[in-house]
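Read off the chains here:
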Amino acid sequence: MIHFYHVTKRFDRYSTALHDLTFQIDKGEFVFLTGPSGAGKSTLLKLILRQITPSEGQVVVNGRNLNTIRRSALPFFRREIGMVFQDFKLIERMTVFENLSFILTVLNVSPREHKRKAYAALRAVDLHNRMNSYPLQLSGGEQQRVAIARALINDPLVLIADEPTGNLDPDMSQDIIRIFSDANLRGSTVLLATHDRDLIRESGRRVITLEHGRISDEKISVAERPAARGDNVFGMATS
Amino acid sequence: MAREFNTPGRNEPNVPSNTITYFLKEALRRTWNSKRTSFVAVAMIAISLFVLGSFLLLSENLQRAVERWQGHSRVTVYLNPEVTPDEQRAVDAFLAAHSDLASRRFVTRQEALQRFKSYFTNLAEVAGNLEENPFPPSYEIEVRPGVAQSAAFESQIEALRKLPSIDQVEFDWEWTRRLRRIIEMLNIIGIAAGGVLAMAAAFTIANVIRLTMMLYHEEIEIMRLVGATERMIRGPFLIEGLLQGTIGGIVAVAVLAGGFFAAQRTLAPSSSLLWGFLFGCFLPWQKIVLLILGGTIAGWFGSWLSVHERREEA
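Protein chains in written order, with the numbering used here: chain A, 145 to 383; chain B, 4 to 317.
Where hints are given, some of them may not hold.
Stated by the list, open to error - Part of the chain A face toward chain B, derived, beta carbon under 7 angstroms:
hint: 1; residue: Arg-194
hint: 2; residue: Arg-222
hint: 3; residue: Arg-223
hint: 4; residue: Ile-235
hint: 5; residue: Ile-247
hint: 6; residue: Thr-249
hint: 7; residue: Val-250
hint: 8; residue: Gly-285
To be clear, the hints were calculated from the coordinates, so they are not data collected in a lab. Even for Gly, the Cβ is constructed at its ideal location relative to N, Cα and C.
Pulled out of the complex, with its shape left as it was, chain B reads as follows (with noise of 0.2 angstroms):
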């Protein structure tokens, strides 16, 4: 009669220590076999990774750029053109009162039409025929770098508005604040981007994993009989889908690594008002690791669709 049968899989290895250059010779083996349907699948991943590497790279060089900007945050307070110095005094003492608020600088109205015709020789001659000077009295405020974001900060510009002789108090945080929300705009766009397409690119993984196991029918048969486990026979494919995602993964941050770099020499110092920002650094290496990675586990999530799918075929 059957005795109590042991189970083998606990007393010896499933994969045997001489199988790891076995699983990588065939998976290189067999990427090399189907060359075109392994280009077609590692173009995928690629393509999926360029896609999502752009958005990333995009959104970080615009987070730099606001970075920067912050820390030169300015508060420009306009007073009324007809304020009286015991109003500007009272301005200045306001101003003084508040720490976050002290470090300011007075600009006559002289001084900015001054700064006017600098800055625009060509409308300087047209600014010196009026007959008055249009440009109000200000207090510039440099504030220092995380003050803004601060509830307290926004109360007191509140109350400096309410001030008589306050014409208009600006904050070129403003905008860099949009600016953040477009930058977390792209990074979701990016990220469903890649996300859909490296899904895709999975799913062609699977579909090539597919076709080479198809392929490799009777020599799976085969290995079955002679005792091979489901782990020796699975292994050289799921190798095989993991080494397509992260060559896609290479391949992606190359491209983009080159697109940069040239873009970056040819396009920034002609246009560095417009776009020069754009193209100030290159992604972080912690990035480029995680678009590598995104690679290799699309890619072993494509392979392990297809051998999951045909392990019960014996």
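Bound-form chain A, shown alone (with noise of 0.2 angstroms):
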């Protein structure tokens, strides 16, 4: 589902976020990405989004080679995947509801259908009973419950999430990796970036480190092994 060959990614002369990246993940995987900050994660996430090119080797996405994929393309691959970001990006001056309709405009979903769909990714991360507030009268944790609805709401192919606990409690947080589980056993791919050692140390997944760019570990943490799993096609853990 995402491949990564030999993937560099230069900023400028002296600044290289990504060294000759090679992994894959594939379909129906749940894979933790963790590291230090600056480790390189967020760029990896935005590889796979297409927010920006590798400056060498591949990234291709559910068959999809980013390099050379045009830009009126663009939109609709984007539309297979979920997207949680850090700073959860919700529009300030759309409601909940809105936010999630606006994805929904997007997709081309029959606006009769909006309310039902929306009502239902909300009741996922218990936020159904706030669709008519606005992003600013939530607390972190909510805005961040709203950004995760939103990736959730057309069961996107793959769920990719930049710190999605971040802001949450230690509770809320297990709620939210029940919320990424759930979306995983319904076939989506999740790949989530997190710090939170104690949440992967939990989950039984496939975990890639990075540090300074490069894959410094991957292997699956203590828990028992998922049957989603994939298997690595370079069975090797590149540094």
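Build the complex from these two chains, which are given one at a time in their own frames, with help from the hints.
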């Protein structure tokens, strides 16, 4: 589902965010991406969403080579990806419902369906009673959950999240992980970037650790191995 | 490996069916949210179309007046005061022989004097005290509309001028011809001035849209990231410019109509001889539609300029 072939990302001559990264995430996998600040996690996620392009190497997502994807095809590609941004990226002038409804408009879902789908997505993150609130009326954690609901609303093929539990208490973090797991069970491939080592430890999922733009470690966490996990085609941890 | 990539645009609609409502709602909301800048854009369009409309209105009324006067075109043939009956018969025979000049009426010297006295009553006494009647005999010829412009008619007039007893031949359409030239000039000036102002207005709208786009920069970025097409992102901005232009056009027509009918009511009756003909009628509906459409196009062009230049920013 997600393939990185010798990907390097340089922002300028002195700043290289990712060095010769090669890995693969199979369809239906749930993978944690971890590492210290500045390790290159956000850059990697931006490459998957094609917010930026690699300086070297190839990124292929859902069979589409993002180096050569046409500009006109990009929106349709992005509709297959559900992204939870670190800064939420909610539209402040829109209510919670409108933030979700807007995505459904983009996806050409009938307006009659908007309320039902938005309600279902918000119910999943326990925010169905805040549909008419504006993002600024919500706490950081609540905004985070709205962003998750927005990413999930269309059952995306790939679900990417950048620190989705960063603003949440431990209980809510577990709930959120459950939501991502449910999405994974419904068929979404999940890539979740987080600092939270407790979450990773208890998950039993594959973990890719980045350090200074390189994969320093790739393993399955100590809990039981999930059924959805795919094999690493390269069969190695690239450093 | 990457599979052969289908072009989603061919299979999926670029603009979803419920998007038109979204475009309109967004455009109206953004126009309302930036009332002041939108007002400037609408005012600029309205002023430029008002100028263009004024010229069109002036030329429309002049044109109608000219057409009305040309419907009653007349040639006056002044004979030599000392003309003999034989010479007068020769002129009469010449006129009778040419069908375009045949509708004639002979005005004697005495009748001409009487007319003068009746038209200018203050000078009637002076005219009566003259030793000799100064007015020559003449023929007044009614010319059918359209005939006067023909080359054949002009050659007939030239032949008439060469008769020995003719002093002068006067056309009253020569000055209408000059008036026509003035109308053409007015049209050109109006279109040029209106065009320049409309371009300025379009650039004002472009700047307004540019400002709005900067204001909504973050929102545009989010829209791109969640998969909105460029058409969907740009649509509301294009509609916004289009709306501003159309509103400007409607305002221009409304102000023009208001001014025209107010002037028609107050000025025209008291000065019907001087400029009454300028208040004959308002613009025909085709030109009204054209003016409003001009605003719409200018607005759309302005917004198109902005969204086109910012298209590459993603």
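Do the hints match the structure? See the list:
no.: 1; hint: Arg-194; verdict: violated, 10 angstroms
no.: 2; hint: Arg-222; verdict: holds, 4 angstroms
no.: 3; hint: Arg-223; verdict: holds, 4 angstroms
no.: 4; hint: Ile-235; verdict: holds, 5 angstroms
no.: 5; hint: Ile-247; verdict: holds, 5 angstroms
no.: 6; hint: Thr-249; verdict: holds, 5 angstroms
no.: 7; hint: Val-250; verdict: holds, 5 angstroms
no.: 8; hint: Gly-285; verdict: violated, 20 angstroms
Of the numbered hints given earlier, the model fails hints 1, 8; all others are met.
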